[in-house]
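Spelled out from the first residue to the last, the chains are:
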Amino acid sequence: MTDDTVLQMRQIRKTFPGVVALDNVDFELRRGEVHILLGENGAGKSTLMKILSGAYQKSAGQIVFDGAEVEIKNPKHAQTLGISTVYQEFNLIPHLPIGENIFLGREPVRFAGVIDRSAILEEAKNALVGLGLTIDPRRLVKNLRVAEQQMVEVAKALSLDARILIMDEPTAALTEHEIVELFATIRRLKEKGVAIVYISHRMEELFEIGDRVTVLRDGRSVGTYDVNEMSKSELIRLMVNRELTELFPKEHASRGPEVLRVESLSTKSGLKDISFSLHKGEVLGVAGLLGAGRTELARAIFGLDHISSGNIYINGVAQKISSPRSAIKSGLGFLTEDRKAQGLVLPLSVERNLCLSSVDRFSSWGVMNRKEERKAASRYTEELHIKTPSLDQKVVFLSGGNQQKVVLSKWLCSEAEVFIFDEPTRGVDVGAKAEIYQLMNRLTAAGVAIMMISSEMLEVLGMSDRIMVMRGGRIAGEFSAEESTQERILQCALGE
Amino acid sequence: MRPRGIALPQHFLSHYGRQLGTLAGLMAMVIVLWALTPHFLTISNLLNIAEQATIIAIIAVGMTFVIITGGIDLSVGSVLAFSGVVMASTLQLEVPLPLALLVGLGVGLLCGLVNGMLITVGRLPPFIATLGMMSVARGAALMFTEGRPISGFSENFRSLATGEVLRIPTPVLIMIAVYIMAHFVLRRTKLGRYTYAIGGNEEAALLSGINVRFYKSMVYGLAGMLAGLAAILLTARLNSAQPIAGMNYELDAIAATVIGGTSLLGGEGTVVGTLIGALIMAVLRNGLNLLGVSSFIQQVVIGSVIILAVLIDMALKKRGK
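Protein chains in written order, with our numbering: chain A, 3 to 498; chain X, 239 to 559.
Rather than coming from a laboratory, the hints here were simulated on the basis of the structure.
For every residue, glycine included, the Cβ atom is placed at its ideal position computed from N, Cα and C.
A hint or two may mislead.
Think about it this way: if two alpha-carbon atoms lie no more than 16 Å apart in a straight line, the pair counts; the simulated EDC-like pairs of lysine to aspartate or glutamate are [to be verified]:
1) A:342 / X:402
2) X:428 / A:362
3) A:396 / X:506
4) A:52 / A:35
5) X:428 / A:180
6) A:234 / A:213
7) A:342 / X:440
Heads up, incomplete: computed chain X residues facing chain A, CB under 7 Å, no partners named [to be verified]:
8) 438
9) 505
10) 523
Anything over 12 Å on all C-beta distances counts as not near chain A; from chain X, calculated [as the list claims (entries may be wrong)]:
11) 430
12) 436
13) 437
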């Protein structure tokens with residue numbers, strides 16, 4: 003323990019009925035450091051941080067904060083101690099201005115409970131300037147970009163005099179450029195002596211921003227290391243305890259005939275004159291910054307946004323795609339970015355979700371053939387190694403990786419020929435990622451064509467046969483796998 | 239294939255565990271009332287309860303579908319009155335009985351489909367659309383009859399309410415038939431699958447190729463049609479169709495549905511639970527009447543039971559997590 007130590011969590015144990023979530027976990031935090039917390043989904047990162055932020059009570063162990071042992075009773079208590087969290091899902095109220103959000107629940111008041119707006123304005127401005135931001139605190143949160151909303155969260159945490167800031171996947175929704183902004187903010191906080199716990203699945207970020215790293219595996223601490231003494235593969239090995247020889251096990255399938263062709267597609271949602279084609283067995287990576295029109299392209303092809311001009315051909319036949327229903331009939335499948343909000347019906351079972359797009363096939367005269375349904379569900383559950391106690395398990399209880407596999411199975415079951423993946427591995431741990439990549443290989447080997455939208459540059463480079471870069475609703479460039487590099491794609495996306 | 243004998247109980251429990259709890263509540267209520275008043279547990283009184291429950295129970299089936307999609311239908315009571323009076327006037331024209339019955343069902347269906355269109359095409363929140371329809375249908379019923387009831391029908395028609403088979407009143411048999419069909423539809427048909435999917439996550443349902451507008455409209459249409467069926471039975475029982483019939487029935491139907499474990503958030507629920515919920519309400523009313531409890535206190539008791547049932551349900555659900 004050095005003088006810089008602000009926090010020590012010793013021998014932390016947390017049990018839930020029937021499960022040991024954490025077992026003898028040690029964690030130490032120093033002033034002004036960015037401490038990475040690394041582990042697969044379910045390794046116990048979130049549980050540990052929830053104990054620190056007062057959302058959970060530890061079952062056993064000791065927390066020493068500023069040299070004195072503390073019992074963190076609830077989130078409010080944690081805040082008064084100076085422990086704040088910036089969650090993955092923001093806790094901001096969209097229809098209130100930035101200032102009011104920062105001081106939510108502890109507004110400075112004049113007499114009779116009237117809110118002192120000028121004080122809010124003044125202090126909010128200070129908080130934002132402290133982060134190097136020049137946003138007007140009177141702006142409504144709903145009008146901010148995701149990155150700006152995140153900064154508001156950070157400002158809120160800091161206005162509570164946070165000495166420890168927990169950031170859970172802070173870059174998940176940010177563009178490359180915004181990540182640079184965030185990192186600048188984090189560095190500024192470090193200088194002020196704030197200790198930052200940083201949870202992320204993106205390995206490259208760890209080396210850029212992290213000082214030390216603590217690895218958790220299956221609810222136990224594996225160890226704490228200096229980041230610059232570790233390599234990526236070493237860390238991955240520690241996390242999963244198995245060698246991942248290849249992060250991206252890309253296997254090139256033989257390129258078959260053209261299956262999807264898009265001709266001069268334009269939409270009101272901002273797409274301009276998009277033309278490209280996709281062949282059987284091919285992975286077409288779609289790169290670009292946030293707002294470049296990648297998701298809009300997927301939505302248009304899948305019949306969600308109205309197409310103002312242009313044509314879509316499947317296997318050479320022009321398709322009139324006006325709804326997801328017609329898109330699915332044409333042989334398309336769409337794995338949306340937000341699994342929980344758009345891909346799955348959480349309160350329904352694995353089987354129901356899996357068969358949802360194929361109900362027509364499993365029914366005659368409106369009556370379901372439950373045997374066929376169950377047969378298909380168990381077939382895909384086995385083939386894709388979906389870990390679930392039974393087909394009747396509600397998908398809400400599955401892990402992120404397994405949920406993603408259920409969505410994938412849904413489209414396999416509906417016999418889609420073209421899969422559109424939008425951010426296929428967001429929020430998925432390393433082990434499950436590799437498995438999803440393997441599945442993509444199997445899909446292409448079976449002749450499926452994949453259009454993969456991804457903000458993870460390494461993923462695009464690692465998994466694509468061809469890469470299409472979008473900018474401002476247009477196609478800004480196209481590269482073959484061999485000629486593409488991270489720099490070339492980024493330059494193209496930025497338009498430099 | 240899994241051996242059925244082993245798979246069934248767990249499967250059964252996962253689907254009906256909540257309903258078993260509600261059923262236990264109903265049983266407890268029956269036992270207490272039996273102890274307090276011996277007349278309660280006579281066959282004639284039990285049949286009486288079942289008959290009392292039919293109207294609300296039938297409306298509640300439609301309500302269950304609607305609530306599973308994540309919606310609400312406040313108009314069913316008024317739609318009942320409107321389809322009742324329209325059917326009654328066709329009955330008085332001495333058209334063939336089946337035709338008049340079709341008119342009754344048809345008016346309900348139509349009102350429900352209008353609700354559905356307002357919600358899906360007009361994008362109105364279900365609460366607003368059906369609140370409007372509640373007033374429109376009630377007003378239409380009053381206009382249509384100039385505020386007076388239409389009374390006096392053929393013996394043939396009235397036998398729908400007064401007839402019995404093996405001592406069981408016809409309305410109870412019709413109610414049972416409706417529940418069996420509704421259960422089948424929810425569990426075994428495309429419409430049922432989509433009803434749950436839409437309520438569980440409308441956007442995911444849309445993205446899975448479900449024609450959300452169509453199926454949602456169908457569900458509201460079904461709720462309206464069942465209100466029409468309830469109108470037929472009520473009119474036959476009273477030998478009179480009244481423009482003020484069915485006041486607050488929507489609230490009783492919602493209560494029965496919610497007591498039966500259907501979540502107002504959508505995505506889950508069963509008609510089996512709703513039937514138990516409707517019976518709980520009927521048993522409670524009947525028992526309190528037999529005990530001579532004043533109707534003022536009855537309202538307090540029934541309200542408390544609704545709140546209690548949902549509190550218990552939520553507590554159990556939380557523990558289940």
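Each hint tested on the structure:
| no. | hint | result |
| --- | --- | --- |
| 1 | A:342 / X:402 | violated (51 Å) |
| 2 | X:428 / A:362 | holds (8 Å) |
| 3 | A:396 / X:506 | holds (11 Å) |
| 4 | A:52 / A:35 | violated (20 Å) |
| 5 | X:428 / A:180 | violated (45 Å) |
| 6 | A:234 / A:213 | holds (14 Å) |
| 7 | A:342 / X:440 | holds (12 Å) |
| 8 | 438 | holds (4 Å) |
| 9 | 505 | holds (4 Å) |
| 10 | 523 | violated (32 Å) |
| 11 | 430 | violated (8 Å) |
| 12 | 436 | violated (9 Å) |
| 13 | 437 | violated (8 Å) |
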